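Using the sequences and the hints, build the whole thing.
Chains A and B, in that order, are what the protein sequence lines are. In terms of the numbering used here, the first sequence has 46 at position 52, counting the first letter as 1, and numbering is strictly consecutive. Positions in the second sequence are counted from 1; adding 4 to them yields the numbering used here.
The set of hints was computed from the structure by calculation and includes no laboratory data. None of these values were measured; they are calculated from a predicted model. The C-beta atom is built at its ideal place from N, Cα and C for all residues, glycine as well. One or more of the hints may lead you astray.
Claimed, not checked - Using 20 Å as the maximum straight-line C-alpha spacing, the simulated DMTMM-like pairs for lysine to aspartate or glutamate come out as follows:
no.	chain 1	residue 1	chain 2	residue 2
1	B	Lys24	B	Asp92
2	A	Lys43	B	Asp107
3	B	Lys70	B	Glu91
4	B	Lys70	B	Asp92
5	A	Lys43	A	Glu60
6	A	Lys43	A	Asp79
7	B	Lys59	B	Glu26
8	A	Lys43	A	Glu58
9	A	Lys63	A	Glu14
10	A	Lys43	A	Glu10
11	B	Lys68	B	Glu56
12	B	Lys45	A	Asp79
13	B	Lys45	A	Glu60
14	A	Lys95	B	Glu67
15	A	Lys52	B	Asp107
16	A	Lys43	A	Glu82
17	B	Lys18	B	Glu91
18	B	Lys45	A	Glu82
19	A	Lys95	B	Glu56
20	B	Lys70	B	Glu26
21	A	Lys95	B	Glu63
22	A	Lys63	A	Asp89
23	A	Lys52	A	Asp79
24	A	Lys63	A	Glu10
25	B	Lys45	B	Glu56
26	A	Lys95	B	Glu91
27	B	Lys18	B	Asp69
Stated by the list, open to error - Label-pair distances were calculated between CB atoms; the ranges are:
no.	chain 1	residue 1	chain 2	residue 2	range
28	B	Glu67	A	Pro108	40 to 50 Å
29	B	Thr21	A	Ser48	17 to 27 Å
30	A	Thr(-1)	B	Leu80	30 to 40 Å
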Amino acid sequence: AQSVTQLDSQVPVFEEAPVELRCNYSSSVSVYLFWYVQYPNQGLQLLLKYLSGSTLVKGINGFEAEFNKSQTSFHLRKPSVHISDTAEYFCAVSDRGGAQKLVFGQGTRLTINP
Amino acid sequence: GAVVSQHPSRVICKSGTSVKIECRSLDFQATTMFWYRQFPKQSLMLMATSNEGSKATYEQGVEKDKFLINHASLTLSTLTVTSAHPEDSSFYICSAHGGLGTDTQYFGPGTRLTVL
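Laid out in structure tokens, this is it:
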């Protein structure tokens, strides 16, 4: 079974500052990792995913994440945030690509202050 | 990109009534659809996995007789909350997967259910 831990429930950041949202996972098998963003009262939008290959993954809206197998982490980063990045961010893991069940972390509320 | 719709977006019903939520993949065929439930300020919890033409697989602790799932076609899955009670009030989100050769689930916009 897999599990995902997002270490920060809330992250306040000033506009144009860098941000890192932390995600750690546990699994007994090879995993695939995802970051999703959820705006208020909406569904989830895929930011980026790691399936294989380069451990540095670039996604939409200027976000990127790095898969670190030894630390079982998949932290999300953005060098300069905007007000529009205010949202809930979810890290998720599955054991066989997106075809199989996703296990989500608890979510991190990113708040961008002017 | 792939689009998944849900209907209705919001529904308010009386306790004891049944509510049906539709999930449609608009521009691709979804061999598998997933139903999630999200309580306020919490994460998504998988309720069931729905494969076209077969019975849904429910997660532990989810009552299959209360949450009826039907996946009658490759573009439509429905979730019916039977005899709804206030504790069933939640945000229900579906996702759709395109099958072999694809690796991403596409999420619907969610349905806010309020049971009075």
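The hints, checked one at a time:
A threshold of 20 Å between alpha carbons decides the hint, and for Lys24/B with Asp92/B the separation of about 13 Å falls inside it, so the pair holds. Between Lys43/A and Asp107/B, the direct Cα distance comes to roughly 9 Å. Compliance with the 20 Å bound is thereby established for this hinted pair. Note on Lys70/B and Glu91/B: the hinted pairing holds, with a Cα-Cα distance of about 12 Å set against a maximum of 20 Å. Only pairs whose Cα atoms come within 20 Å are accepted, and Lys70/B paired with Asp92/B is accepted, the gap being roughly 10 Å.
Our distance criterion of 20 Å between C-alpha atoms is met by Lys43/A and Glu60/A, whose separation comes to about 10 Å. The hinted pair formed by Lys43/A and Asp79/A meets the criterion: a straight-line CA distance of about 18 Å does not exceed 20 Å. Annotation: proposed proximity of Lys59/B to Glu26/B holds, straight-line Cα distance about 17 Å (limit 20 Å). This hinted pair checks out: Lys43/A and Glu58/A have alpha carbons roughly 9 Å apart, not beyond 20 Å.
Taken as a hint, the Lys63/A and Glu14/A pair is honoured in the structure, with Cα atoms around 18 Å apart against an allowance of 20 Å. Between Lys43/A and Glu10/A the CA atoms are separated by roughly 24 Å; this puts the pair beyond 20 Å, and the hint is violated. Proposed proximity of Lys68/B and Glu56/B is supported: the alpha carbons are some 17 Å apart, at most 20 Å. Our distance criterion of 20 Å between C-alpha atoms is met by Lys45/B and Asp79/A, whose separation comes to about 18 Å.
At most 20 Å may separate the alpha-carbon atoms for a hinted pair to count; Lys45/B and Glu60/A exceed this at roughly 26 Å. This hinted pair checks out: Lys95/A and Glu67/B have alpha carbons roughly 18 Å apart, not beyond 20 Å. Annotation: proposed proximity of Lys52/A to Asp107/B holds, straight-line Cα distance about 17 Å (limit 20 Å). Between Lys43/A and Glu82/A the alpha-carbon distance is near 17 Å, which keeps this suggested pair within the 20 Å criterion.
Restraint check: the Cα-Cα separation between Lys18/B and Glu91/B comes to about 12 Å, which is no more than 20 Å; the hinted pair holds. The suggested pairing of Lys45/B with Glu82/A holds, with an alpha-carbon distance near 9 Å, which does not exceed 20 Å. Proposed proximity of Lys95/A and Glu56/B is supported: the alpha carbons are some 16 Å apart, at most 20 Å. With a CA separation close to 16 Å, the supplied pair Lys70/B and Glu26/B stays within the 20 Å bound.
This hinted pair checks out: Lys95/A and Glu63/B have alpha carbons roughly 10 Å apart, not beyond 20 Å. For the given pair, Lys63/A sits about 14 Å from Asp89/A by alpha-carbon distance, which is consistent with the 20 Å threshold. Straight-line distance between C-alpha atoms of Lys52/A and Asp79/A comes to about 16 Å, which keeps the hinted pair within the 20 Å bound. Annotation: proposed proximity of Lys63/A to Glu10/A is violated, straight-line Cα distance about 30 Å (limit 20 Å).
Taking the CA atoms of Lys45/B and Glu56/B, the gap is about 31 Å. The hint is violated against a cut of 20 Å. A C-alpha spacing of about 25 Å is found between Lys95/A and Glu91/B, which places the hinted pair above 20 Å, so the restraint is violated. A threshold of 20 Å between alpha carbons decides the hint, and for Lys18/B with Asp69/B the separation of about 19 Å falls inside it, so the pair holds. Between Glu67/B and Pro108/A the CB atoms are about 46 Å apart, so this pair conforms to the stated range of 40 to 50 Å.
Between Thr21/B and Ser48/A the Cβ separation comes to about 51 Å, which falls outside the hinted range of 17 to 27 Å. In this structure the hint that Thr(-1)/A and Leu80/B lie 30 to 40 Å apart at CB holds, the actual value being about 35 Å.
Checked against the numbered hints above, the structure breaks hints 10, 13, 24, 25, 26, 29 and satisfies the rest.
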